[in-house]
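Q: Read top to bottom, the protein sequences are chains A and B. Reading the first sequence from the start, the letters are residues 33 to 522 in the numbering used here. Reading the second sequence from the start, the letters are residues 289 to 768 in the numbering used here.
These are computed hints drawn from the structure, not numbers from a lab. All values derive from a computational prediction rather than experimental measurement. Think of the CB as a built atom: it goes at the ideal place given N, C-alpha and C, for glycine as much as any other residue. Any given hint could be a false lead.
[Stated by the list, open to error] Each pair of labels, with its calculated beta carbon distance range:
#	chain 1	residue 1	chain 2	residue 2	range
1	A	99	B	576	46 to 52 Å
2	A	365	B	576	42 to 48 Å
3	A	360	B	318	39 to 45 Å
4	B	495	A	421	55 to 61 Å
5	A	476	B	314	29 to 35 Å
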Amino acid sequence: MSLTSLTAHELGELLNKREISSVELTKAYLRRIEEVDDQVRAFLTVTGDLALKQAAETDEKRARGEKLPPLAGIPMAMKDNMCTKGIKTTCASRILYNFIPPYDAAVTERLLAAGAVLLGKCNLDEFAMGSSTENSGFFATRNPHDLRAVPGGSSGGSAAAVAAGEAVFALGSDTGGSIRLPAAFCGVIGLKPTYGRVSRYGLVAYASSLDQIGPLTRDMRDCALVMNVIAGHDKRDSTSAPLEVPDYTRFLVDDVRGLKIGLPREYLGEGLDDEVRGWVKRAAETLEKLGAVCEEVSLPHTRYALPTYYIIAPAEASSNLARYDGVQYGLRVEAGDIVSMYSKTRSQGFGEEVKRRIMLGTYALSSGYYDAYYLKAMKVRTLVKRDFDLAFEKYDCLLTPTSPTPAFEAGEKTADPLTMYLSDVCTIPVNLAGIPALSIPFGLVGGRPVGVQLIGKAFDEGTLMRAGYALEQGTDLTRPRPVLERTVEE
Amino acid sequence: MNRQYETVIGLEIHVELKTITKIFCSCPTAFGGEANTHVCPVCLGLPGVLPVFNEKVLEFAVKAGLALNCEIASFSKFDRKNYYYPDLPKNYQISQYDLPICRNGFLEINSGGGTKRIGITRVHMEEDAGKLLHGSSSIVTSGYSLVDLNRTGVPLIEIVSEPDLRSAEEARAYMEKLRSILEYLDVSDVKMEQGSLRCDANVSLRPLGTEGLGTKTEVKNMNSFRSLQRAVEYEAKRQREILEEGGRVIQETRSWDEERGVTVSLRSKEEAHDYRYFPDPDLVPIVIDPGWVAKLKASLPELPDARKERLVREMGLPEYDASIITGSRDLADYFDAVAAEFNEPKTVSNWLMGELLRLLNASGMEMRENKIAPADLAALLKLQASGAISGKMAKAVFEEMFATGKSPETIISEQGLAQISDEGALAAIVDKVIAGNPGPVADYKSGKEKAMGFLVGQVMKETKGQANPGLVNKLLKERL
Ligand SMILES: [Zn+2]
Numbered sequence: 033m034s035l036t037s038l039t040a041h042e043l044g045e046l047l048n049k050r051e052i053s054s055v056e057l058t059k060a061y062l063r064r065i066e067e068v069d070d071q072v073r074a075f076l077t078v079t080g081d082l083a084l085k086q087a088a089e090t091d092e093k094r095a096r097g098e099k100l101p102p103l104a105g106i107p108m109a110m111k112d113n114m115c116t117k118g119i120k121t122t123c124a125s126r127i128l129y130n131f132i133p134p135y136d137a138a139v140t141e142r143l144l145a146a147g148a149v150l151l152g153k154c155n156l157d158e159f160a161m162g163s164s165t166e167n168s169g170f171f172a173t174r175n176p177h178d179l180r181a182v183p184g185g186s187s188g189g190s191a192a193a194v195a196a197g198e199a200v201f202a203l204g205s206d207t208g209g210s211i212r213l214p215a216a217f218c219g220v221i222g223l224k225p226t227y228g229r230v231s232r233y234g235l236v237a238y239a240s241s242l243d244q245i246g247p248l249t250r251d252m253r254d255c256a257l258v259m260n261v262i263a264g265h266d267k268r269d270s271t272s273a274p275l276e277v278p279d280y281t282r283f284l285v286d287d288v289r290g291l292k293i294g295l296p297r298e299y300l301g302e303g304l305d306d307e308v309r310g311w312v313k314r315a316a317e318t319l320e321k322l323g324a325v326c327e328e329v330s331l332p333h334t335r336y337a338l339p340t341y342y343i344i345a346p347a348e349a350s351s352n353l354a355r356y357d358g359v360q361y362g363l364r365v366e367a368g369d370i371v372s373m374y375s376k377t378r379s380q381g382f383g384e385e386v387k388r389r390i391m392l393g394t395y396a397l398s399s400g401y402y403d404a405y406y407l408k409a410m411k412v413r414t415l416v417k418r419d420f421d422l423a424f425e426k427y428d429c430l431l432t433p434t435s436p437t438p439a440f441e442a443g444e445k446t447a448d449p450l451t452m453y454l455s456d457v458c459t460i461p462v463n464l465a466g467i468p469a470l471s472i473p474f475g476l477v478g479g480r481p482v483g484v485q486l487i488g489k490a491f492d493e494g495t496l497m498r499a500g501y502a503l504e505q506g507t508d509l510t511r512p513r514p515v516l517e518r519t520v521e522e
Numbered sequence: 289m290n291r292q293y294e295t296v297i298g299l300e301i302h303v304e305l306k307t308i309t310k311i312f313c314s315c316p317t318a319f320g321g322e323a324n325t326h327v328c329p330v331c332l333g334l335p336g337v338l339p340v341f342n343e344k345v346l347e348f349a350v351k352a353g354l355a356l357n358c359e360i361a362s363f364s365k366f367d368r369k370n371y372y373y374p375d376l377p378k379n380y381q382i383s384q385y386d387l388p389i390c391r392n393g394f395l396e397i398n399s400g401g402g403t404k405r406i407g408i409t410r411v412h413m414e415e416d417a418g419k420l421l422h423g424s425s426s427i428v429t430s431g432y433s434l435v436d437l438n439r440t441g442v443p444l445i446e447i448v449s450e451p452d453l454r455s456a457e458e459a460r461a462y463m464e465k466l467r468s469i470l471e472y473l474d475v476s477d478v479k480m481e482q483g484s485l486r487c488d489a490n491v492s493l494r495p496l497g498t499e500g501l502g503t504k505t506e507v508k509n510m511n512s513f514r515s516l517q518r519a520v521e522y523e524a525k526r527q528r529e530i531l532e533e534g535g536r537v538i539q540e541t542r543s544w545d546e547e548r549g550v551t552v553s554l555r556s557k558e559e560a561h562d563y564r565y566f567p568d569p570d571l572v573p574i575v576i577d578p579g580w581v582a583k584l585k586a587s588l589p590e591l592p593d594a595r596k597e598r599l600v601r602e603m604g605l606p607e608y609d610a611s612i613i614t615g616s617r618d619l620a621d622y623f624d625a626v627a628a629e630f631n632e633p634k635t636v637s638n639w640l641m642g643e644l645l646r647l648l649n650a651s652g653m654e655m656r657e658n659k660i661a662p663a664d665l666a667a668l669l670k671l672q673a674s675g676a677i678s679g680k681m682a683k684a685v686f687e688e689m690f691a692t693g694k695s696p697e698t699i700i701s702e703q704g705l706a707q708i709s710d711e712g713a714l715a716a717i718v719d720k721v722i723a724g725n726p727g728p729v730a731d732y733k734s735g736k737e738k739a740m741g742f743l744v745g746q747v748m749k750e751t752k753g754q755a756n757p758g759l760v761n762k763l764l765k766e767r768l
């Protein structure tokens, strides 16, 4: 078994038993990146020297007999919209092509303090806007399971890196499904925590009221280990919840007896790929076999979630992205006067999808349209949230597909943004409600992974982990091995 | 046709609060400093950073609202005001829109011999922007502009009045009263020249006796009470001339040109911004505990009107003196401290209104920079009252106290200014003068009264002017 297909907790054991060193491990991952990343293109920046230095530090500590936390010495990657001190943070945008933050994001700080080794920064749809990682300002990432397919978006680089064996785990950010969709497409686990569970300090904002950072991992135990490090209150983020964080590994019990799981009918109807529907049913059956109770439930406002999202997210984005103007940092296109400088910088620095959303958002907030669009959307958001509240009076969690289809072909949807937006139809309601959701691989369609989604109550990530762990233990469907890996191993 | 017009004025006043740190980060708010040294990633609006609200700002804003008789919101929030300008790092300003922290207040000004109530529409909190230095006169024509973001994120409150003011004098009186209240509350430095108090005036005219509002202009860039008064006077006159000629006033923003004494057009309504306000998703709503507000209300200091009334009622000061003394909290506190040790309030107020304010004005100093300790001024007034020094000397000693901060006793002994009132000591000098000036002594004895003046002068000369003149006269007469 190669080091690049093991999980963090498996590798942690090898490190603790001194069967490998972190430097060896890091070198193996850097070699893997060299071997496959010209095909996958998951990384925007690889920080090899820094990674080896960090790895050597944890090896020294281990040699001195220090007891190290579980992720110490484990090579990881971060989506390139999380700030890394002294390392380029571009958001895959030409407007930030040269931006080097003088500070770390809260999650960066926490992971580095836990001894995790940063291999580099992963590709994304520019400013996290997109569902295929084809909207990167630099290049597109491909799906390691099938290089003709997209890895999903916008954390496509992070998901692909984990799936392709280029990082043990990675962080993504999820505004409308941006962790869960690529997790499903790439056959890895992706968790969008409750809004406020993980500090957003240092996450370059797309839509502040929806954005949340979460892990992309190879199994549920790794998901719990990463959450143990990144979750928790941060006084630098006013929306961060001042709540205690449980040890998530204690939810990894092979027991879902008595767990009540709702199957929302609105997620299983029209537009859903038949084979995907079949896999969701098999997931439900698996959970029932293990003792859970599954029942159909209705979330009647689900169909309004997508249009609501496409008002609120662009509105916030139009304001969040206003700071990229060429005055302080990033790209500046010189011009005769300040207004032309702004205009040229922004029109050359931003890609099509970002411009589209800025214009949508600007329009939705304009005087005369605010009430009809933004305010109305905020009211519908409340209705969507109330659907979940009602469902959770009766159910511990909900089971849905993560995406209506498996990964689609690269280029297939780029010409039609509306079709592309439908990719996130199952994930978006969760962000509007601010609740947690997990995508876990379950089956394949045409060789491409399928993910199922577990949706939970606010701050109840534990139940999702419990159900996810049961699914993982109950079948052999939850860790698809990418074709790419087989090719390389042969 | 000769119609009578009425001027209608509303003021929007921005007040920089004197918290130690900025509104959304922990950078210092201190004025000055080398450009871009009081900044951090948060107030620079760098990618990924988030604002954290400084609760002290809320306390100061609520205090101001309470002093202005406002209702305090139980639920408030921050909104984003979106517009592009290079001194605004995020290209939006965090401000308050539909749910300001305070509303529906008033303050009273003196007008036409009586008091007049001016409505306060709202008080809201926001962050300040930075400063630009242009290579030439404007950002559009300038070859370069320099950006200093030290002031970015300094907390402001904006106090918006109802259009209840009817003249430039009333506008000035309102502004002065507001400054005085804010100074009493100790929530701002209230220095117009340093920009910690900034004023925009909305000015319109309407036919006398009508109720509707005419087309208004917004006048900016007035940085003293005098320029506020002049600008409003000018703008009212300009609008009256337009209306009298049958023209129409256009809604626009105008800037006061202090040197030329005119307002000039900055931008017209057509170029007006659509600020696209919406709730700032990075900040949580503000929920106010009524108990906390009640506690703040109970802790408010005595405000200028109440204090003035007390000085008239309890200390017997004339209305005029009381309003000058209470116009500034520092001056009123000083008055109280001096009067506590020298119980003649009118004498104290005369000295403060006369000598102290004269010297402060002449030196351009603030009241708080005054070096004379209240106890020292009280001691000086006691020395004068006891006859130990003359009124003229007291003024000289006062000037020295103002310049050096020394006590009157120190100055008097250092300069040997005390009067010699000791008969024994003076008698010897008088005898010496009589012995040394036989001619004038003879003249006096022969009835030439003038000679007495010469002899007194000689004694004064011997004593370097310190002899008590009454006593010298008495001793000379006794001996001759
Ligand atoms: Zn700062």
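Q: Look at each hint and say if it fits the structure.
A: These are the hints, each one checked on the structure:
Take residue 99 of chain A and residue 576 of chain B: their Cβ atoms lie about 47 Å apart, and the range 46 to 52 Å holds. For residue 365 of chain A paired with residue 576 of chain B, a C-beta distance near 46 Å keeps the hint of 42 to 48 Å intact. As the Cβ distance of residue 360 of chain A to residue 318 of chain B is approximately 22 Å, the hint placing it in 39 to 45 Å is violated. A hinted range of 55 to 61 Å for the beta carbons of residue 495 of chain B and residue 421 of chain A is consistent with their spacing of about 58 Å.
The hinted window of 29 to 35 Å between residue 476 of chain A and residue 314 of chain B is violated, with their beta carbons roughly 52 Å apart.
The structure is inconsistent with the numbered hints 3, 5, although it conforms to all the rest.
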